[in-house]
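Number of protein chains: 6
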Amino acid sequence: MHHDRHERGLEFLNRIDGSQGEKVMAALASVAPDLGRMIVDFGFGEVISRPGLDLKTRELCTIAMLAALGTARPQLVVHLNACLNVGATPREIVEALIQCGVYAGFPAALNALFAADEVFKERGVSPLGE
Amino acid sequence: MHHDRHERGLEFLNRIDGSQGEKVMAALASVAPDLGRMIVDFGFGEVISRPGLDLKTRELCTIAMLAALGTARPQLVVHLNACLNVGATPREIVEALIQCGVYAGFPAALNALFAADEVFKERGVSPLGE
Amino acid sequence: MHHDRHERGLEFLNRIDGSQGEKVMAALASVAPDLGRMIVDFGFGEVISRPGLDLKTRELCTIAMLAALGTARPQLVVHLNACLNVGATPREIVEALIQCGVYAGFPAALNALFAADEVFKERGVSPLGE
Amino acid sequence: MHHDRHERGLEFLNRIDGSQGEKVMAALASVAPDLGRMIVDFGFGEVISRPGLDLKTRELCTIAMLAALGTARPQLVVHLNACLNVGATPREIVEALIQCGVYAGFPAALNALFAADEVFKERGVSPLGE
Amino acid sequence: MHHDRHERGLEFLNRIDGSQGEKVMAALASVAPDLGRMIVDFGFGEVISRPGLDLKTRELCTIAMLAALGTARPQLVVHLNACLNVGATPREIVEALIQCGVYAGFPAALNALFAADEVFKERGVSPLGE
Amino acid sequence: MHHDRHERGLEFLNRIDGSQGEKVMAALASVAPDLGRMIVDFGFGEVISRPGLDLKTRELCTIAMLAALGTARPQLVVHLNACLNVGATPREIVEALIQCGVYAGFPAALNALFAADEVFKERGVSPLGE
Chain A
0 MHHDRHERGL EFLNRIDGSQ GEKVMAALAS VAPDLGRMIV DFGFGEVISR
50 PGLDLKTREL CTIAMLAALG TARPQLVVHL NACLNVGATP REIVEALIQC
100 GVYAGFPAAL NALFAADEVF KERGVSPLGE
Chain B
0 MHHDRHERGL EFLNRIDGSQ GEKVMAALAS VAPDLGRMIV DFGFGEVISR
50 PGLDLKTREL CTIAMLAALG TARPQLVVHL NACLNVGATP REIVEALIQC
100 GVYAGFPAAL NALFAADEVF KERGVSPLGE
Chain C
0 MHHDRHERGL EFLNRIDGSQ GEKVMAALAS VAPDLGRMIV DFGFGEVISR
50 PGLDLKTREL CTIAMLAALG TARPQLVVHL NACLNVGATP REIVEALIQC
100 GVYAGFPAAL NALFAADEVF KERGVSPLGE
Chain D
0 MHHDRHERGL EFLNRIDGSQ GEKVMAALAS VAPDLGRMIV DFGFGEVISR
50 PGLDLKTREL CTIAMLAALG TARPQLVVHL NACLNVGATP REIVEALIQC
100 GVYAGFPAAL NALFAADEVF KERGVSPLGE
Chain E
0 MHHDRHERGL EFLNRIDGSQ GEKVMAALAS VAPDLGRMIV DFGFGEVISR
50 PGLDLKTREL CTIAMLAALG TARPQLVVHL NACLNVGATP REIVEALIQC
100 GVYAGFPAAL NALFAADEVF KERGVSPLGE
Chain F
0 MHHDRHERGL EFLNRIDGSQ GEKVMAALAS VAPDLGRMIV DFGFGEVISR
50 PGLDLKTREL CTIAMLAALG TARPQLVVHL NACLNVGATP REIVEALIQC
100 GVYAGFPAAL NALFAADEVF KERGVSPLGE
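Residue numbers (numbering that gives the first Met the number 0), protein chains in the order written: chain A, 0 to 129; chain B, 0 to 129; chain C, 0 to 129; chain D, 0 to 129; chain E, 0 to 129; chain F, 0 to 129.
Chain A on its own, in the form it takes in the complex:
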């Protein structure tokens, strides 16, 4: 079962984060490889892979949280990509982040949307006209 959650964690990490997940794990290798394993095994293998809420909604909730906290830009970028990877449209992402302005203030919404703008441009997609 312990083995199971690791396999399941890796599978979800790859499905959701793509190559960006691997980069985070590699970056942890010299300082805290155990944290990398925890993120895969626990974060992905035990939490995010749970049934009961679809991946697209999970990822939209995640970018909303990270945008509201305003303290985790690198992780926000990873999860903006993840949102697109699991089927959210750029427009849905923008809507979730604009709504962040109501509950966490305009600066939180602005900084998250500027991060989203970079991700959208990198991937050649746009929320306009959707």
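Simulated from the structure, these hints should not be mistaken for lab results. Don't be surprised by glycine CBs; every beta carbon is placed ideally from N, CA and C. Any given hint could be a false lead.
Computed Cβ-Cβ distance ranges for the label pairs, DEER-style [stated by the list, open to error]: (1) 36/D <-> 5/A: 16 to 26 Å; (2) 73/B <-> 25/C: 24 to 34 Å; (3) 50/A <-> 29/D: 33 to 43 Å.
Using the hints, position chains B, C, D, E and F against chain A.
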């Protein structure tokens, strides 16, 4: 158009928050009735009522944000009710809040889930066995 | 000079917080009387008593900060009283807190305004009609 | 009236933020132009332009909030400029930010003052000797 | 190994939190028993039980974090008790919390010390004269 | 006594922060030299130099707080160095920061550990194999 957003705001406030929205407005009457109007006209009439993201996902994002911030218990309770009002199941709510533990820490998830427990009991619903 | 800052601190504590300041000091007596002395000597005697910004603006900035942080309701109540003690009007206080909604989100503004409503009612003042 | 708030919003945006406001709007064009319009129409046209609190105090409260939150450096820079634009002196700005150390900790005060140092140098002003 | 971490988690939960840990698990039973299991298995069984840092220092770091965040009073109370359970003295706890004032502001330190005062009184211990 | 705290503050600043403390003071010279003096006299001379908690535990609590807040990377870097300066091992630092993931979320832990990785590499030390 200004009139429109007020009408639309009230309609969404009632659909989403039910009688709890009115209570918040009433509570503001002696201190800042203008803020109440802003919440209706701008918050509901101009943001939450936007097309592009369904109400259920909007409300799940909102409870995720409020749980992560950890500074807005009364508003979290209103939006836990709102989640149920717009069709989220108790299980989906629980999943969004457990996931909050990964991104904002276990205390944030715990406090939000204890609030959810109260709301579920008040409404006679349960996330277990779903 | 050390003696000076203590005297100056007490003088400003009394002028700004009135009897509420003394209550906080008394409440610290059994757990951390040194923190009480630091708040008087450093907080009031070395910072808040500095020239260069008038007390009314200082206190309005303080309630704006505490409202935005959303983690310090007891201190917000003390400083809402302090605002009134140093000459801010209920209307000015309400304006500063509504503005908090723009930069820290509506829940932060709502919770601060409900605290202000209690303070205003206790003191028999009102921001309406000003 | 809807038209009015847009005109009033633009007028206050220009008076307060100068060319920096326009840059923010332009930066939003490819990702969320609607948020730009909300900031002008609602943020400036409906909140910041309200009577009841003078613009200088409003802006000092804003930098105090943003400094305390510590999550919005780009917006802090815009509003440090705005403070100067509406008549606050560098010394008043420094006093508000030092005070932030008392209520939100020294790191929050330090980071805000380093941002202020950059803004002051860019504009050729200084808080010292005032 | 999966079984191991559950056993180890329970052992550390009991050693650190005593009966308060069980109460939290019981309180989660009707809303999110899985989160309770995650806290035991992952939080205690995989993180807090790691060698490399002694339990007393771990718990002092935890109350410092919770005090600084200011959003988790129930968990702060549990961990103030935990600090005492694993050998920290009331004086050490008070020192860690006063220091919080320097990095997260006086209100954060005050609210944490008032929580500590309650815990100390309940357990009949005192930081004074140590 | 006022003189005393300044001397004591400088002594602790040098012992804990080394040359990095001086750099912060120098950086404040053009904007708020008084804040620099407050940090030395009050922060170091009156708080951090207090008996009752050893310097190593104080610094581990400080990095835990700054990691949890997630808003003070420059100060986190200074105190990661300070931890090493007063005798904490890289492994102890890593453990404190991994634990931050449990109470403040994985993104807070990740960003703090990436900062620690840089500090460790700069100083030619490693938490692995300890």
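The hints, checked one at a time:
no., hint, verdict
1, 36/D <-> 5/A: 16 to 26 Å, "48 Å, violated"
2, 73/B <-> 25/C: 24 to 34 Å, "30 Å, holds"
3, 50/A <-> 29/D: 33 to 43 Å, "37 Å, holds"
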